[in-house]
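Asker: The residues making up each chain are set out below.
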Amino acid sequence: MWLSSAAASADRHSATVRLSLGLFFFIMGAKKENNDDEMDEKVKKYLRGEAANLEGLKDKKLKGQLAVREDLYGKSAKTAAKIEKWLLPSEGGYLEAEGIEKTWRIKQESIAREIDISSSKNQYDIVLPELGPYTLDFTSNGRYMAAAGRKGHLAIVDMKTLNLIKEIQVKETVRDVVYLHNELFFAVAQKKYPYIYNRDGTELHCLKEHGAVLRLQFLKNHFLLASINKFGQLHYQDVTMGEMVGNFRTGLGRTDVMQVNPFNGVVALGHSSGTVTMWKPTSSVPLVKMLCHPGPVSSLAFHPNGHLMATSGKENKIKIWDLRKFEVIQTMPGHAKTLNFSQKGLLAAGTGSFIKILADFSGSQNYNSYMTHSMAKGYQVGKVLFRPYEDVLGIGHSMGWSSILIPGSGEPNFDSWVANPFETSKQRREKEVHSLLDKLPPETIMLDPTKVGTVRAPQKKEKPTKKEIEAEMEAAIETAKDTDFKKKTKGRNKPSKRAKKRQEMIERAKKPFLEQQIQEHERSRKKQKTNPETEMPKSLQRFVRQKAA
Amino acid sequence: MAVKKRKERAVGGESGNSKKFKKYSNSKGPMKKNKNDKRKKGKGPRLPSALRTELDRLDPKIASDSDDGIDLDVGNDVYEYEEEVPQEESRKNRRFDPVENYEYELPEDFEDENVPSDEDDDDGDFGVGGNKGSLNDDVDASDGDEEEDDERHLRMLQGVTGMSTDAFGGKKKRNSVVISEAHPESEYNPTRDVLEGDSHITLQDLLDPIQGKAGYSKLRKRVQHMDRKSTSVQAPLPKVDREKLERMAVYEHSKKDITKWEHLVKRNREAPTVFFGGDVDLGFSTVGAIASEFEPRTEFEKKIASLVYDDKVMEAHKADGSKLLELNKISEEDYMKHQDHVAKMRGLLFRHEMKQKRIKKIKSKTYHRLKNKDKLKVESAEMLMDPEAAKEQARKQEFKRAEERMTLKHKNKSKWARRILERGLNAQDEGTRAAMAEQLHQHALLTRKINTVKDSSSSSDSSSDDDDEVSNEDRASELLEKAKEKTLKVLEDDEEVPNSGVLSLPFMVRGMKKRKEEAIEEAKLALQEYEQLEGTNDAENSKPATASGRRVFGRANNEVPDSNKKTKTDNKMKMDNYYGNSDSEDDLKAKENVNIEGGKRNDVEKDVGPNYDRKEAADVSIFKNFEDNGDPGSKTTYEVAIFASDSRRKMKSENGIDKNAKKLQQVKEAIVHDKDMEEGEEDSDSESKQMVDGILSSAPKESYELPSQSELIRHAFAGDYVEEEFEKDKQEILNEENPEPDKPVLLPGWGQWTRVQQKKGLPWWMLKEHEDSKRKREESLKKRKDAQLKHVIISEKVDKKAEKLQTKSLPYPFTSKELFEQSMRMPIGSESNPETAIRSLNRPEVVKKPGVIIKPIKFVEMHHHEKSEDNKRSGQKQKKNKSKGASGKNKKQSN
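Residue numbers (the UniProt record's numbering), protein chains in the order written: chain A, 1 to 549; chain B, 1 to 895.
Hints are computed from structural coordinates only; laboratory data are not their basis. One thing to keep in mind: the hints can contain errors.
[To be verified] Dumping the calculated DSSO-like pairs for lysine-lysine here, alpha-carbon to alpha-carbon at most 30 Å: (1) K344/B with K357/B; (2) K774/B with K220/A; (3) K526/A with K357/B; (4) K102/A with K451/A; (5) K260/B with K451/A; (6) K312/B with K344/B; (7) K797/B with K325/A; (8) K85/A with K61/A; (9) K317/A with K790/B; (10) K260/B with K63/A; (11) K357/B with K463/A; (12) K730/B with K439/A; (13) K319/A with K266/B; (14) K260/B with K463/A; (15) K61/A with K365/B; (16) K776/B with K61/A; (17) K743/B with K325/A; (18) K466/A with K486/B; (19) K61/A with K337/B; (20) K160/A with K325/A; (21) K400/B with K526/A; (22) K221/B with K466/A; (23) K344/B with K365/B; (24) K337/A with K790/B; (25) K785/B with K801/B; (26) K260/B with K526/A; (27) K411/B with K365/B; (28) K413/B with K400/B.
Keep in mind that this is a model prediction, so the values were computed, not measured.
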């Protein structure tokens, strides 16, 4: 391994704009010769697709309007590209091996020798043997960490200064911890119920409806707290108003494998039957149910761009899936108790006391081993989690928590609109209000969120609902009632005759609807007959397995 | 001849206008007039056939016209057959001389004045008619010749020019009239023109009689002038045409006028935003500007103004600043005075402040109330005009009140009242009773005031907040204690059995004893309960101290018995569990044991969670438990999996037994404490284990252990049916959405009359129907997104709630979906666009400040280069875009 001069320049970057860790061993790729080409590419990126072709458009007014719009878009993209060029110059680096060197043979110790002091601060082990395996969560800006020991130890740490902000002991089993929208609040899955605490360790809420929760996830754009409990029930709760948005039985048994797709907010659950199901809060059936492994799914993770999913099964396989096609891209051997994608797309897999980092620097979606790390023997890794905007991997294990350096994992440039690691309290407050105003309703969660605002695909005609049919019948009856009769000759104009006739008319109006009803009834009865459940004697029917939703 | 013709033409031209006078002596005149004149009398003779044919040839229209006229005339005409056709036709007969001989030549300025009266006319007619017979014929013949010439000429003209004969027809409008008798021209003798019928009165006619009179020459000159200049006026066009023409002209004109606005309108239309009120006069923009407009109005203002605009001051301003200083000078005395005054005021203020501070510190409610009252009083006094008198009155009133309070005059203490009461109120009359009531009421009012004062003071003094809290907390226990005391009393007191009376009877005594025993028993039970409850209370009271920061919302302390029940059930469950555990532990290996435990655990959970999927859970429990860290039971499994050793297991089992034993005891002793105890125990238990873990884990040897054979096998076979099950699942879902068609079935016995039919089987239409439905199903299945993906089920359910996020139809100006979606692809929010672009992206179509009056559009001349730019603009953009796209594509390829 050798250090290039680029490291120095990278450090300079980190001094000026200082976004990521500044751990640049080598900046890849020579400077592009043609600046314009680079700009063009960036502009293209910000144009978000091809401009509309106005050639064949006949409507002159619309054509003019669209042309103006496109012009504005172009300008906007250009400025954005310029801003990116001048204000976000930091490039993430990564380890590069020379000759017969292999990146995965480079130890943390050898990395520590090469880096600056501030970066080396991020290599540490915190040994807390008493309070059991630890799990971690970072705030979205990577500034704060919540650590939870199984035996009820909760700690909040400022990762910049490594100060312990608060430490509390809930004296209960703690299974998971997750930060809400900012560092002020976090939810903890405890023995019986999940609780929400604030930064000072004050318990704010006890979410009894969730039950004994195994895993928690927070959807920060929708302000939803998702949980899966012991009975395999998935709950969605809106943390702003406290409203329970969704409550679904998965019907696939107990699981503690749960992950939110950051791209679209879909919650994925891994089940013991080897299936992964994806849920949204407005549908009682899973959006997608896919068979990923022949054995139980032990963990899963999503790439930040939402197109890749990594799953690991008990059968010693790690698979990477393309979620656009629902196909396997890559299958690798290996166990993984826990998986996590970094912001830059590195994949960390932890099992036993061993951690493996996979990377795909070629962009061909072919993940190779990038780094490895083994903890002290006997440590059981429970959770690996990349720290956002830093080249750091947090590890929660049976003896406390650790932090190691993974060059090239974090996003070097932060966008303060999204997350600001150097946020002041005022900014935080402002952002909280902003994010609350921008809160997305739960129905915006869908597999393909780019569909929002487009033209709905024509659907097949649905059967009219019972209510609609009833309304129709009602209307028909009304019209039958309202019809005026001719004045007939004396004998036929009697009130009784008229009433009779009216009644007849009503009957006639009703008839087609009733017939339809009867037909439907007949059909359903037929269906029931073919159903094996109903073939059982009535007394035994109640023991028939209920189908989930 | 030529002269004559001209003359005749002139006459004919004249005759065109006259319609009043007609003469029927001439057979041809009226005939020809018939063409123009629609008001013919139908007395003209019928034309000979040769003439008619010729006329027809001349002008078919006219001929037909005349035909019509003649047809009408036929019945009335007497002369029509008297004409001798051959004479005329042959033209041999020279008896009919040419008319020239008889023709009367009129002078150029002939004035026709002999207008015949009607009678004369008639007479003349007859006379002339009789004589004229032959003459007319003559004229006719000559005319015929002439006409022939004319016709030829006409035809020639027609041939040469290609125009219709009408154009030259004017020539033919002439008449040859013969006048046999010459009368002197006078007003009473119509001239020949007049007699012709088609003549008319000209201006000349009217002028002549006044010849020689004053102004005649002038008039004549004017007429002549008019004549010279006069042109024939055509008949006006019909209104519709006229208007149309007018409109056209106006349109042409206005078009020219309006097109000059075109570029302005175009510019406004094309502009993404139109701004209104860019240049608005906001009036005064600075303070100085506002001040310059100021005019002193009030007295004070005027005074100030006079000072400010004092000549001296102004001069000083103008000249130099130094003079101003002189003007500003204050004498030392004045300054000292001012200083003293300020000091005094400050001192007063300070004192006042101090006083206020002290007053503010006073917390006594009474004081404040009194103060408020005082304030009120002061106000009321102020309301009265004279403050002194009001004060006096108030004091008096106060005194009275105090007196009344002191003496309690109104509490039936007076002699009078006492006497009345002695006698009884009922005995009194209305007035006295009312008086008594009144008195009492007054007293009540007063006393009430006193009472309230007392109340408030006592509350503020005696009962502090702390006491309240304590009482709240202890209220339950106090109640309990009271109850306890009472029950103890019941137990303690030995009722003395009465020696006499009914109660002393032996059976009564026995019954009482029994009852008493029961009561005592009950009391004992109650006592026990009380004790328990007290215990829980203690526990709960102590709890918050230990478990910090736990708060449960909703139902809190109030439901103590409930929680007891819950813990009971919990314990029962757990006990079952543990018994099972201890039983199985002997037979099975560690992991199996663990599994069973886990399974049971699951069972318990299932009981709790309704509709839980049993079978599946049982199937997968192995895996779950292996990975499970959820509850104490499975937690141990986790550890065991890592360090599976006999000693460990033993330890654990011992622990378990211990736990069981303890639990049993606990359950027996006091259910209430159980929960907390158990928790504590568990904690300590697991902690100790963890300690062991820590020690063990630090040892490098046991980091990884080969899984046992059985586990390997289980792993290997675990997923055997997973795929099949998944497929089954998928099939089920597919069937739910698209049910499989029913197999066609015949009614039993139907169609089985003969063997032949039986052989045939089902009728073709049934089979076809079945096939169709099958095909339909397959097609719909093929359309699914997951049709090609075996391992995926993608739900096709429509989310009703999410429907509102998409448009049902294309919004108006768009015609293609692609275009719309492409135009929507860019976010326009501030988060995804640079600051400089947001505003222009989000600007509304019209920007207008409130209150701005939008003025009508103003004409601005456009420069030439601007125009051309405008025309080019849209086209250029397109080209640019295109080139961009192309370059992008090229790059792609190169990449």
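Asker: Tell me the numbers of any earlier hints that the structure contravenes, in ascending order.
Answerer: 2, 3, 4, 5, 6, 8, 11, 12, 13, 14, 15, 16, 17, 18, 19, 20, 21, 22, 23, 26
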